[in-house]
Structures are given as structure tokens and as C-alpha cells.
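**Student:** Spelled out, the chains give:
There are 2 protein chains.
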Amino acid sequence: MRATTIHGPRDIRFEEVPDPEIKRPTDAIVKVVAGCVCGSDLWPYRGENPIRRGATIGHECVGVVEEVGGEVRDFKPGDFVIVPFCHCDNTCAHCRAGVQSACTNLGVTTSGQGEYALVGQADGSLVATDGVPDAALLPSLLSLSDVMPTGWHAAVSARVREGGTAVVVGDGAVGLCGVLAASVMGAETIVAMSRHEPRQQLAKEFGATHVVASRGREGAQEVKEVLGGIGADAVLECVGTDEAMGTAISVARPGAMVGFVGVPHGIELPVRRMFDRNVGVQGGMAPVRRYLPELLALVQDGRIDPGKVFDLTLPMAEVADAYRAMDERRAIKVMLSSAS
Amino acid sequence: MRATTIHGPRDIRFEEVPDPEIKRPTDAIVKVVAGCVCGSDLWPYRGENPIRRGATIGHECVGVVEEVGGEVRDFKPGDFVIVPFCHCDNTCAHCRAGVQSACTNLGVTTSGQGEYALVGQADGSLVATDGVPDAALLPSLLSLSDVMPTGWHAAVSARVREGGTAVVVGDGAVGLCGVLAASVMGAETIVAMSRHEPRQQLAKEFGATHVVASRGREGAQEVKEVLGGIGADAVLECVGTDEAMGTAISVARPGAMVGFVGVPHGIELPVRRMFDRNVGVQGGMAPVRRYLPELLALVQDGRIDPGKVFDLTLPMAEVADAYRAMDERRAIKVMLSSAS
Numbered sequence: 001m002r003a004t005t006i007h008g009p010r011d012i013r014f015e016e017v018p019d020p021e022i023k024r025p026t027d028a029i030v031k032v033v034a035g036c037v038c039g040s041d042l043w044p045y046r047g048e049n050p051i052r053r054g055a056t057i058g059h060e061c062v063g064v065v066e067e068v069g070g071e072v073r074d075f076k077p078g079d080f081v082i083v084p085f086c087h088c089d090n091t092c093a094h095c096r097a098g099v100q101s102a103c104t105n106l107g108v109t110t111s112g113q114g115e116y117a118l119v120g121q122a123d124g125s126l127v128a129t130d131g132v133p134d135a136a137l138l139p140s141l142l143s144l145s146d147v148m149p150t151g152w153h154a155a156v157s158a159r160v161r162e163g164g165t166a167v168v169v170g171d172g173a174v175g176l177c178g179v180l181a182a183s184v185m186g187a188e189t190i191v192a193m194s195r196h197e198p199r200q201q202l203a204k205e206f207g208a209t210h211v212v213a214s215r216g217r218e219g220a221q222e223v224k225e226v227l228g229g230i231g232a233d234a235v236l237e238c239v240g241t242d243e244a245m246g247t248a249i250s251v252a253r254p255g256a257m258v259g260f261v262g263v264p265h266g267i268e269l270p271v272r273r274m275f276d277r278n279v280g281v282q283g284g285m286a287p288v289r290r291y292l293p294e295l296l297a298l299v300q301d302g303r304i305d306p307g308k309v310f311d312l313t314l315p316m317a318e319v320a321d322a323y324r325a326m327d328e329r330r331a332i333k334v335m336l337s338s339a340s
Numbered sequence: 001m002r003a004t005t006i007h008g009p010r011d012i013r014f015e016e017v018p019d020p021e022i023k024r025p026t027d028a029i030v031k032v033v034a035g036c037v038c039g040s041d042l043w044p045y046r047g048e049n050p051i052r053r054g055a056t057i058g059h060e061c062v063g064v065v066e067e068v069g070g071e072v073r074d075f076k077p078g079d080f081v082i083v084p085f086c087h088c089d090n091t092c093a094h095c096r097a098g099v100q101s102a103c104t105n106l107g108v109t110t111s112g113q114g115e116y117a118l119v120g121q122a123d124g125s126l127v128a129t130d131g132v133p134d135a136a137l138l139p140s141l142l143s144l145s146d147v148m149p150t151g152w153h154a155a156v157s158a159r160v161r162e163g164g165t166a167v168v169v170g171d172g173a174v175g176l177c178g179v180l181a182a183s184v185m186g187a188e189t190i191v192a193m194s195r196h197e198p199r200q201q202l203a204k205e206f207g208a209t210h211v212v213a214s215r216g217r218e219g220a221q222e223v224k225e226v227l228g229g230i231g232a233d234a235v236l237e238c239v240g241t242d243e244a245m246g247t248a249i250s251v252a253r254p255g256a257m258v259g260f261v262g263v264p265h266g267i268e269l270p271v272r273r274m275f276d277r278n279v280g281v282q283g284g285m286a287p288v289r290r291y292l293p294e295l296l297a298l299v300q301d302g303r304i305d306p307g308k309v310f311d312l313t314l315p316m317a318e319v320a321d322a323y324r325a326m327d328e329r330r331a332i333k334v335m336l337s338s339a340s
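Protein chains in written order, with the UniProt record's numbering: chain E, 1 to 340; chain F, 1 to 340.
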């Protein structure tokens with residue numbers, strides 16, 4: 001099959017690689033209908049994470065089941081499925097506690113920007129739609145493989161509550177999905193920190209009541225003014241840098257939680273400042289499978305349209321352009337559609 | 001009056017200092033009936049915190065209201081009161097959110113090991129008992145000024161829940177109160193990490209179902225074995241050192257919270273390890289006034305007896321011996337009784 005590979009910083013190719021094969025009876029192979037580029041793919045793209053030369057890249061996709069292993073009971077070829085970026089058996093102690101991203105049989109999608117993806121623990125991981133979905137629904141369904149559940153996880157980890165206030169640090173696709181999550185959860189005031197006009201607009205569409213364009217100390221000061229000098233009940237840190245975390249902690253009100261979902265790069269948590277104000281932090285990889293049924297229902301009922309984060313769609317073969325567009329912030333998030 | 005002062009490392013004196021005076025109409029002066037030494041007093045005692053030569057020390061006490069300012073409505077001379085170590089108006093936005101330790105009118109007790117203590121925001125801070133309590137109840141009432149609410153706060157911050165599992169790192173008086181708190185909150189399995197036989201005994205009396213005497217990696221391994229290899233639903237970090245925090249994070253199950261109440265000394269939070277397992281941390285100074293009504297009712301109903309943490313009582317004038325006994329770990333916590 002053809003799939004996206006990375007050969008070095010800014011060296012993305014769409015090329016022939018070995019077809020995935022069922023290795024375990026719990027595996028499934030999914031023919032990818034649509035994939036996309038994740039903000040976290042930009043870390044290796046920019047040379048900030050180690051790269052294994054020629055490795056496939058891409059962990060988000062939706063598609064049609066092509067083949068299943070002998071022990072897969074709930075799925076059959078032809079089913080349209082959402083593929084969570086992290087695979088789980090959904091039965092171990094960690095899954096039962098709602099932390100499917102720490103499953104004892106954890107796996108990840110490794111060729112979501114390719115023609116086929118191998119899914120481990122298919123019965124535990126996959127969620128099927130009712131029949132083949134309308135093309136119009138495709139972007140929102142695709143967002144459920146990672147970006148929307150990750151924004152949702154930030155809101156859950158930050159303990160967003162009905163009638164409360166929330167601040168979202170980061171206006172990437174995850175941050176925007178965090179705004180949407182906070183809105184669905186009933187936060188009354190939602191401050192999106194964003195400098196980019198198109199992203200500000202989408203944040204407002206997703207439920208942001210205020211936008212603060214400044215960053216750092218100045219930005220934190222403006223956010224606090226919006227919140228009556230008190231700080232936020234819940235803060236979603238959707239970047240992963242030390243500056244973003246610093247801002248997140250400083251806009252949290254005493255006793256609040258910061259939910260963080262950006263893979264930490266150079267973060268040093270200011271434990272004494274946290275202690276002095278009883279501000280907590282929790283976050284990590286989203287337990288996608290936990291949130292999927294609820295989020296799928298919201299999408300299918302038309303209550304949320306997280307697919308709006310895709311402001312550019314390209315054929316899968318033009319994946320290198322997709323990376324460039326996201327790297328240069330010309331696109332919020334790029335959807336890659338399969339040829340067939 | 002006479003009060004305890006600190007003049008340098010291990011130089012504790014009981015000597016004449018100026019009487020406290022009502023400075024604001026919301027102040028009250030309390031004649032101390034009993035005070036005590038806090039684990040956090042040992043940081044300056046050991047020279048690990050800066051010292052202002054000759055400053056009074058001691059922030060825990062109970063006593064009888066001696067005098068009140070013109071705006072104090074709820075208390076009058078003669079009332080027996082518990083004095084939270086942190087004073088609060090109990091009306092500001094932070095107090096209303098249950099974070100009285102971040103009150104906009106925050107104050108602290110500074111002569112709790114003396115004959116009289118000045119209390120700011122008396123109406124918001126103090127809680128009176130029903131009449132003058134029995135002498136037998138005194139230790140438990142005294143524990144409500146700091147140590148018991150602080151252990152309780154660790155359990156609240158760690159999200160201890162009924163039927164869950166909890167681990168308490170630290171067998172000082174706060175850790176032991178944390179065990180008691182987890183027990184009251186209904187944790188089914190409570191592992192106390194303690195090397196000292198008398199503290200192990202008290203931990204069991206307070207509700208610990210298991211005791212692990214080892215520390216560091218070995219201790220963490222033993223705790224995990226007790227918990228079926230899964231880790232704890234909630235972890236209470238009641239020390240404040242980097243080693244204790246490291247142990248706390250490593251025994252937390254994925255998705256769990258570590259509640260920390262020891263003033264951080266040299267802690268570096270391992271953000272990547274936390275992210276990889278979705279383990280969160282939250283803690284800080286306990287909002288004593290928030291918990292006081294509930295804890296006082298538990299004490300008065302005989303449901304808890306946190307006063308057992310006091311295994312030595314000395315006259316206030318022998319306070320230097322009290323510090324020595326705690327420093328050398330000959331006593332868990334020392335109560336200081338006033339002369340009169």
C-alpha cells in the first residue's frame with residue numbers, strides 16, 4: 001500500500017510500504033477513508049522529536065473494516081468505523097476505570113495517513129457508525145479519532161462544570177475542540193486565548209464568550225480582568241510548552257485545576273506557586289474510547305460539529321503540502337481524503 | 001505576655017513579648033488554653049527556612065475569647081473557640097468557593113504557643129464549641145486548628161472516594177490524620193507508609209488496612225503489590241520532599257490524583273511521567289474553616305478522635321523540650337498546655 005512516511009525534518013513522503021497484516025486474532029485492518037495531520041505530528045516534522053527514518057506517520061483516521069482476526073466478534077468487513085488513535089481492550093482494570101489510554105494492551109495507529117491502518121484490540125477500540133455516513137459528516141467523525149476527544153479530555157481533566165468559567169490556552173485544533181467541550185459541558189464564560197483571526201472566529205462559533213489575543217503576562221492579566229480579577233474555575237492547557245503552562249496556572253483561580261493535553265515539551269511545573277494557590281494539574285493522553293460513544297451521539301444528533309477544525313482538505317497523496325500548511329499555520333488542521 | 005520565640009536553629013525560648021492588641025474592629029484576642037508544635041515548625045527549627053530572630057512561632061491553638069473588636073458579632077469574651085491557623089473572612093469569592101486559605105483577607109496565627117493569640121477576621125475564622133469542653137476532648141479540638149483539617153485536605157485533594165483505595169505517604173501527625181480522613185470518607189483499602197512502630201499502630205487505629213515499612217522504589221513496589229499491581233485510586237502526600245512526592249506519583253494508578261499538603265521543599269514534579277499515566281497533583285494550605293463545622297461535629301459525636309496524635313503533653317513553658325522531642329522523633333506531636 002501507499003502511506004505517509006517521514007525521513008527527516010520536513011521530509012514527508014507518500015510512498016509504497018508493506019501492507020499491514022493481521023498478526024493477532026484481536027486485530028483488524030481498516031481501509032482508510034480519511035486521515036489527517038495532528039499538531040503532535042509537527043514535533044518530529046520540525047525535528048524536535050527523534051525520527052526513525054522512513055517510519056510511517058499518522059494516527060488519526062476513519063474508514064471501512066477490510067479484514068478482522070479470528071477473535072474479533074463485534075466488527076465485520078464493510079463496517080464504517082472510527083479508529084481511536086490509541087487502541088485498548090476496554091476490559092482491563094485501567095479501561096474499566098476510564099483510563100483507556102493506559103490500557104494494559106495499549107496500541108496506537110501508525111499508518112492513519114495511509115491506505116490501510118492496523119488496529120489492535122479491535123473489539124475494544126473501534127466504534128461503528130450507523131451505516132455508511134454522509135460525506136458531510138466525515139470531518140466530524142474523523143475528529144473523533146483524536147482531536148475532539150483530546151479537547152474533551154482537557155475539559156474533563158480541568159473539571160469544567162456547568163455555570164462555571166473556563167479558559168482555553170492554545171488555539172490549535174485541540175484548543176478549539178476544548179472550547180467546544182467546555183461549551184457542551186455548560187461553562188457560562190469561556191475565554192479563548194488566540195491571536196489568529198480565523199481561529200478566533202471558530203472559537204466563537206464553538207462557544208467562546210471572550211477572546212484574548214495577548215500572550216504571556218499581559219494575556220494572563222487581560223484574562224483575569226474578564227473574570228472579575230478572580231481567575232478561572234477551570235483551565236485547559238492545549239499547547240504543551242512551558243510558557244503556555246505558566247499562563248494556564250496563573251489564570252487559574254485558587255482551588256482550580258489545569259487540564260493539560262499537549263505533550264509536555266520543556267515544562268517545569270512551578271510546584272510552590274501551585275501549592276500557594278491550591279492550583280492542581282492533571283492530564284495526559286486522552287482515553288478516546290471512553291468518550292467516543294457520547295461524542296458520536298452528539299455528532300450524529302447534529303449537536304456538535306467539531307469537523308469545522310478542518311479548514312483544508314487535500315488528497316492523501318499531497319500529504320507533504322498538508323504538513324507545510326499546518327507548519328506555516330496557513331491551516332488549522334488538514335483532512336486527507338483517500339483516492340478511492 | 002509570655003510566648004514562644006525562635007532565635008536561630010534549635011534556639012527556642014519561652015519569654016516575654018508585647019501583648020497582642022486589637023488593631024482592626026474585626027480582630028479578636030484569644031487566651032490560649034492549649035497550643036502545639038507543627039511539623040512545619042521544624043523547618044525553621046532545623047535551619048531549613050529563614051528565621052527572623054526573636055519572632056514568635058506557633059500557629060495552632062484553642063482557647064477562650066478574651067476581647068473582641070467593635071465589628072465582631074458572633075463571638076464574645078468567654079466563648080471557647082477553635083482558632084484555624086489561617087484566618088479568613090469566609091465571605092470573599094475564594095472563601096465562597098471553599099478555598100478559605102486563599103482569602104483576600106488572609107491572616108495567620110503567630111503566637112499559638114503563647115499565652116494569647118491575635119485572630120484576624122474573627123467572625124469568619126473562629127468556630128465555637130458548645131460550652132466549655134471536657135478536658136478529655138481538648139486534644140481532638142486542638143487538632144482541628146491545623147493538623148486534622150490538613151490531613152483531611154490531602155484526602156479531599158486526592159479525591160478519596162467511598163469504596164476506593166488510598167495510600168498515605170508520611171507518618172507524621174498530618175499523614176496519620178490523612179489516614180483517619182480517608183477512613184471517614186469510606187476508602188476500603190488504606191495503605192500507610194510508615195517505618196515507626198508506634199505510628200504504625202496509630203495508623204491502624206485510624207483505619208489503615210495495610211502498613212508498608214519500606215521506602216523509595218522498594219516501598220512503592222510493596223504498595224503496588226498490596227493494591228493488586230494496579231496502584232491507588234488516591235494518594236495523600238504528607239511530607240513535602242521530592243522523594244515522598246516521587247513515591248506518591250509512582251503508587252498512583254493511571255488517572256489518579258495525588259493530594260499534597262506538606263510545604264514543598266525541593267520538589268521537582270515529573271511532568272512527563274505524570275502525563276504518561278494521567279496522574280494529577282493538587283494541594284496546598286488547607287482551607288481549615290471550610291472543614292471545621294463537619295470535623296467538629298465528628299469530634300463532638302465521638303466518631304473521630306484525632307487528638308490521639310498527641311503522644312506527649314508538656315507545660316507551655318517547656319516548649320523547647322517539645323521541639324526537641326519532635327525533632328528527634330521521640331514524639332509524634334506535642335501538646336502544650338497553658339499554666340492557668
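If you are wondering where the hints come from, they were derived from the structure by calculation, not from laboratory data.
These numbers come from a predicted model, not from an experiment.
Positions of the beta carbon are idealized from the N, C-alpha and C atoms, including for glycine.
Hints may be right or wrong, so weigh each one.
A few chain E residues that face chain F, going by a derived Cβ cut-off under 8 angstroms, partial list only [said to hold, decoys possible]: (1) ALA97; (2) ALA102; (3) LEU227; (4) ILE230; (5) LEU269; (6) PHE275.
If you want the footprint, here are the derived chain E segments under chain F, 3+ residues with CB under 8 angstroms [claimed, not checked]: (7) 249-256; (8) 296-309.
**Student:** Each of the hints needs a verdict: does it hold here or not?
**Tutor:** Each hint tested on the structure:
Hint status for ALA97(E): holds, given a least beta-carbon distance of 6 angstroms to chain F, under 8 angstroms. Hint on ALA102(E) holds. Least Cβ distance to chain F is approximately 3 angstroms, under the 8 angstroms limit. The restraint placing LEU227(E) at the interface with chain F is violated, with a minimum CB-CB distance near 10 angstroms, outside the 8 angstroms limit. The beta carbon of ILE230(E) is positioned within 8 angstroms of a beta carbon in chain F (closest approach about 5 angstroms), and the interface hint is therefore held.
Interface restraint check: LEU269(E) against chain F, minimum CB-CB distance 4 angstroms, threshold 8 angstroms, status holds. Hint on PHE275(E) holds. Least Cβ distance to chain F is approximately 5 angstroms, under the 8 angstroms limit. Check result for the segment 249-256 of chain E against chain F: holds, 3 residues qualifying (beta carbon to beta carbon below 8 angstroms, three or more required). A stretch counts as covered by a chain when three or more of its residues have a beta carbon under 8 angstroms from one of that chain; for the segment 296-309 of chain E and chain F the count is 0, and the coverage is violated.
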